[in-house]
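A.B. asks: For reference, the chains in residue letters:
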Amino acid sequence: EPEVTQTPSHQVTQMGQEVILRCVPISNHLYFYWYRQILGQKVEFLVSFYNNEISEKSEIFDDQFSVERPDGSNFTLKIRSTKLEDSAMYFCASSGGRGNTDTQYFGPGTRLTVL
Amino acid sequence: AQRVTQPEKLLSVFKGAPVELKCNYSYSGSPELFWYVQYSRQRLQLLLRHISRESIKGFTADLNKGETSFHLKKPFAQEEDSAMYYCALSPRFGNEKLTFGTGTRLTIIP
Chain A
1 EPEVTQTPSH QVTQMGQEVI LRCVPISNHL YFYWYRQILG QKVEFLVSFY NNEISEKSEI
61 FDDQFSVERP DGSNFTLKIR STKLEDSAMY FCASSGGRGN TDTQYFGPGT RLTVL
Chain B
116 AQRVTQPEKL LSVFKGAPVE LKCNYSYSGS PELFWYVQYS RQRLQLLLRH ISRESIKGFT
176 ADLNKGETSF HLKKPFAQEE DSAMYYCALS PRFGNEKLTF GTGTRLTIIP
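Top line first, the protein sequences correspond to chains A and B.
Note that my numbering gives residue 80 to position 80 of the first sequence, counting from 1, and the numbers run on in steps of one.
Take any residue in the second sequence, note its place counting from 1, add 115, and you have its number in my numbering.
It is worth saying that the hints were derived from the structure and are not from the lab.
Any given hint might turn out to be false.
[Unchecked claim] To give an idea of the interface, some chain A residues facing chain B are shown, with a C-beta separation under 8 Å as derived from the structure:
{"hint": "1", "residue": "G16"}
{"hint": "2", "residue": "Y31"}
{"hint": "3", "residue": "Y33"}
{"hint": "4", "residue": "K42"}
{"hint": "5", "residue": "V43"}
{"hint": "6", "residue": "E53"}
{"hint": "7", "residue": "S66"}
{"hint": "8", "residue": "P70"}
{"hint": "9", "residue": "E85"}
{"hint": "10", "residue": "S87"}
{"hint": "11", "residue": "G96"}
{"hint": "12", "residue": "T103"}
{"hint": "13", "residue": "F106"}
[To be verified] Calculated Cβ distances over 12 Å to all of chain A for the following chain B residues:
{"hint": "14", "residue": "L126"}
{"hint": "15", "residue": "V128"}
{"hint": "16", "residue": "S141"}
{"hint": "17", "residue": "Q153"}
{"hint": "18", "residue": "R158"}
{"hint": "19", "residue": "G181"}
{"hint": "20", "residue": "T183"}
In this text, a Cβ means the ideal position worked out from N, Cα and C, and glycines have one as well.
Could you put together the complete structure from these sequences and hints?
C.D. replies: Structure below.
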């Protein structure tokens, strides 16, 4: 069964550095999402992406964040200048394949640690 | 604003006993409700959604609009049910953002 994949599984970075988190959604899906989960807290929506543009974003998704689908397979989340409070688990999800399924399928997550 | 509340962070149940994981929501429209499950060292995966009205792994959930609840139930718990369970809400049908509750860690005692 096809799965969403994410790389790396764990990223450690210094405060102020840029990070790029990578996701490969399920190949025939059309909608892509990023969520994050700070340790001990709930999973929070960051952004959704459809037809090569952001369809919705949360208050968390400020100017420090950006998303891109640079080619037909990857979907990336960039944090320009990381802060300590960006430390979290970041989940990618995709939905909207053939058969009109809107179930969101999640990747295994990338644990980002900002020092 | 939409919100999902799961009042129990931890729930322990003996094997063979009934399970009920509570979920209440707040939303002004007609949302779609989901239960996602995360087994140890695995990814979040959909367990069930209210529009399907199906039973998955013996679990069912009924949307109660009057009480704004979507509790997850299973009549007889099994050890493999031990996992983290998240209730989630989507404002409309179809490819919209999910709002999650804080999750309930269910432990089945052998």
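A.B. asks: Take the hints in turn and mark each one as holding or not.
C.D. replies: To see whether the hints hold, each was checked on the structure:
| no. | hint | verdict |
| --- | --- | --- |
| 1 | G16 | violated (29 Å) |
| 2 | Y31 | holds (4 Å) |
| 3 | Y33 | holds (7 Å) |
| 4 | K42 | holds (5 Å) |
| 5 | V43 | holds (4 Å) |
| 6 | E53 | violated (14 Å) |
| 7 | S66 | violated (18 Å) |
| 8 | P70 | violated (22 Å) |
| 9 | E85 | violated (18 Å) |
| 10 | S87 | violated (18 Å) |
| 11 | G96 | holds (5 Å) |
| 12 | T103 | holds (5 Å) |
| 13 | F106 | holds (4 Å) |
| 14 | L126 | holds (17 Å) |
| 15 | V128 | holds (23 Å) |
| 16 | S141 | holds (14 Å) |
| 17 | Q153 | violated (9 Å) |
| 18 | R158 | violated (5 Å) |
| 19 | G181 | holds (25 Å) |
| 20 | T183 | holds (18 Å) |
The structure fails hints 1, 6, 7, 8, 9, 10, 17 and 18 (numbered hints given earlier, in ascending order).
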